[in-house]
Amino acid sequence: MDIETVKERAGPREFNPADDLPEEYRKAATRMIEFHANSEIMGAYLERPFIRQAPSIDRKLAFSAKVQDEIGHGQLLYRAAETLGIKTREEMLDDLANGDGKFLNCFHYPMDSWEETPMIAFFVDGAAMRRQATLRRTSWEPYAHAMDKVCFEEGFHVKHGEDILATLMSGSRAEQRRTQEAFEEWWPRIIQFFGPTDDKSTHHDFAADVGLKQMTNDELRQAFLDMYVPKARNYGLELPDYPRVHQNDDGRWVVEEDDLDWDEFFTVARNNYEPGIGQIDGRARAQEAVEWVRDAIESDATPQSGKAPQAAD
Amino acid sequence: MTQIWEVFRQEEKGGYHTHCGNVHAPDREMAKQFAAVQHGRRKPTNSIWVVPKDEVGEIDGDDVSFGGTTDKGYRWTTAYNLQTRQAEEVEESDAEQQDAEQRRGEA
Ligand SMILES: [Fe+2]
Ligand SMILES: [Fe+2]
Numbered sequence: 001m002d003i004e005t006v007k008e009r010a011g012p013r014e015f016n017p018a019d020d021l022p023e024e025y026r027k028a029a030t031r032m033i034e035f036h037a038n039s040e041i042m043g044a045y046l047e048r049p050f051i052r053q054a055p056s057i058d059r060k061l062a063f064s065a066k067v068q069d070e071i072g073h074g075q076l077l078y079r080a081a082e083t084l085g086i087k088t089r090e091e092m093l094d095d096l097a098n099g100d101g102k103f104l105n106c107f108h109y110p111m112d113s114w115e116e117t118p119m120i121a122f123f124v125d126g127a128a129m130r131r132q133a134t135l136r137r138t139s140w141e142p143y144a145h146a147m148d149k150v151c152f153e154e155g156f157h158v159k160h161g162e163d164i165l166a167t168l169m170s171g172s173r174a175e176q177r178r179t180q181e182a183f184e185e186w187w188p189r190i191i192q193f194f195g196p197t198d199d200k201s202t203h204h205d206f207a208a209d210v211g212l213k214q215m216t217n218d219e220l221r222q223a224f225l226d227m228y229v230p231k232a233r234n235y236g237l238e239l240p241d242y243p244r245v246h247q248n249d250d251g252r253w254v255v256e257e258d259d260l261d262w263d264e265f266f267t268v269a270r271n272n273y274e275p276g277i278g279q280i281d282g283r284a285r286a287q288e289a290v291e292w293v294r295d296a297i298e299s300d301a302t303p304q305s306g307k308a309p310q311a312a313d
Numbered sequence: 001m002t003q004i005w006e007v008f009r010q011e012e013k014g015g016y017h018t019h020c021g022n023v024h025a026p027d028r029e030m031a032k033q034f035a036a037v038q039h040g041r042r043k044p045t046n047s048i049w050v051v052p053k054d055e056v057g058e059i060d061g062d063d064v065s066f067g068g069t070t071d072k073g074y075r076w077t078t079a080y081n082l083q084t085r086q087a088e089e090v091e092e093s094d095a096e097q098q099d100a101e102q103r104r105g106e107a
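These protein sequence lines are chains A and B, in that order. Quick note: the first sequence, position 213, residue 213 per my numbering, numbers continuous. Quick note: the second sequence, position 94, residue 94 per my numbering, numbers continuous.
Calculated from the structure, these hints are not laboratory results. Heads up, a few of these hints could be off.
Unchecked claim - Cross-link-like lysine-lysine pairs, in silico, BS3-like; alpha carbons within 27 angstroms at most:
1) Lys-149/A to Lys-72/B
2) Lys-7/A to Lys-13/B
3) Lys-43/B to Lys-53/B
4) Lys-87/A to Lys-13/B
5) Lys-72/B to Lys-60/A
6) Lys-43/B to Lys-149/A
7) Lys-43/B to Lys-32/B
8) Lys-13/B to Lys-149/A
9) Lys-27/A to Lys-102/A
10) Lys-32/B to Lys-13/B
Kindly generate the complete structure, drawing on both the sequences and the hints.
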């Protein structure tokens, strides 16, 4: 199939592994899905310490279930990317470990306190879910199928995240203050989740033309702001002075894009941001530390007798 | 030597291939043709997969307790009663989960 035919046919779930697709399409799809998969994994590593730090048994259980889900999302997505025939799952995981794999800006920043958790688990998951819902209509069928399962699970993450925020914002004064501080620190990064506005984005046009992307960054950012700015305010969070945000007469929320630190954004995006490098190396060490598990699974030395081990439920 | 091939039918483009029966056939080519005739004629069909029965692994309720043995209510959207307006996509997930929970309850 040539690229013109791809553009003509491009529609929801239009292409699958039985189609003979041009390399340009397969590369663009790989780049997009690999980025998504890497982000799921790096997000899970960022949240993992909070299984231990959770303030109650309920939060601990929910956080551990969420982290488990995110790792699962990463695995689903590496499979969807692998079927494009450009990169293997091992290559993608190795690239993530050696600093070549790219992932979401928000997951380059360290997270230290419990008050920061809803910034990821509510706002970032909320933003991610907005985008993922539109990707159920992407043109690469295995990607769309992965999104069906991801979106099914993701509602729990967002509601759980909102529940943490609701608890903190009705807690002690000190809790509310710390949550507000966390919000001020994370808010600009959260807005940058959707990247620069479309006139500054480089990859969009082709991805949209071949049906991989179903909505522009601007449309997604708009939908997110309209839903989540009022939510933040309802819980008593105050938007920081910068970036300046105002509401139009039609009720839509608008951000002064130039108030955001785009130098930092692109440093982060290129994996050159110092704390982010720490996160990448941390995950690389974790991957290395469980090398023996992969070796044991792949070797023939698996015991043949005895009761089959019970899988984690 | 003929063998059994499990048949999976996809009704429309972009949908899932779901199991719909099996056929006897000596090889993959014949299996595809038999499957097309037996399973692709009446019901809407966009694509069919055939898989040798021997290649299918199975695990059932005697081997494992599906869904686990402990209460995991915290994993469901329904555990969080927020009383706030939710984004459309969160509501959709909520509805899908409620549906799954209900069907699990009935099973
Ligand atoms: Fe996820
Ligand atoms: Fe999530």
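Structure-based check of all given hints:
For the given pair, Lys-149/A sits about 18 angstroms from Lys-72/B by alpha-carbon distance, which is consistent with the 27 angstroms threshold. The straight-line distance between the Cα atoms of Lys-7/A and Lys-13/B is roughly 17 angstroms, inside the 27 angstroms bound, and the hint therefore holds. For the suggested pair Lys-43/B and Lys-53/B, the alpha carbons sit about 23 angstroms apart, so the restraint of at most 27 angstroms is met. Taking the CA atoms of Lys-87/A and Lys-13/B, the gap is near 25 angstroms; set against the 27 angstroms cutoff, the hint holds.
Taking the CA atoms of Lys-72/B and Lys-60/A, the gap is about 12 angstroms. The hint holds against a cut of 27 angstroms. At most 27 angstroms may separate the alpha-carbon atoms for a hinted pair to count; Lys-43/B and Lys-149/A meet this at roughly 26 angstroms. Taking the CA atoms of Lys-43/B and Lys-32/B, the gap is near 16 angstroms; set against the 27 angstroms cutoff, the hint holds. Annotation: proposed proximity of Lys-13/B to Lys-149/A holds, straight-line Cα distance about 18 angstroms (limit 27 angstroms).
At most 27 angstroms may separate the alpha-carbon atoms for a hinted pair to count; Lys-27/A and Lys-102/A meet this at roughly 15 angstroms. A threshold of 27 angstroms between alpha carbons decides the hint, and for Lys-32/B with Lys-13/B the separation of about 18 angstroms falls inside it, so the pair holds.
When each numbered hint is compared with the structure, no violation occurs for any of them.
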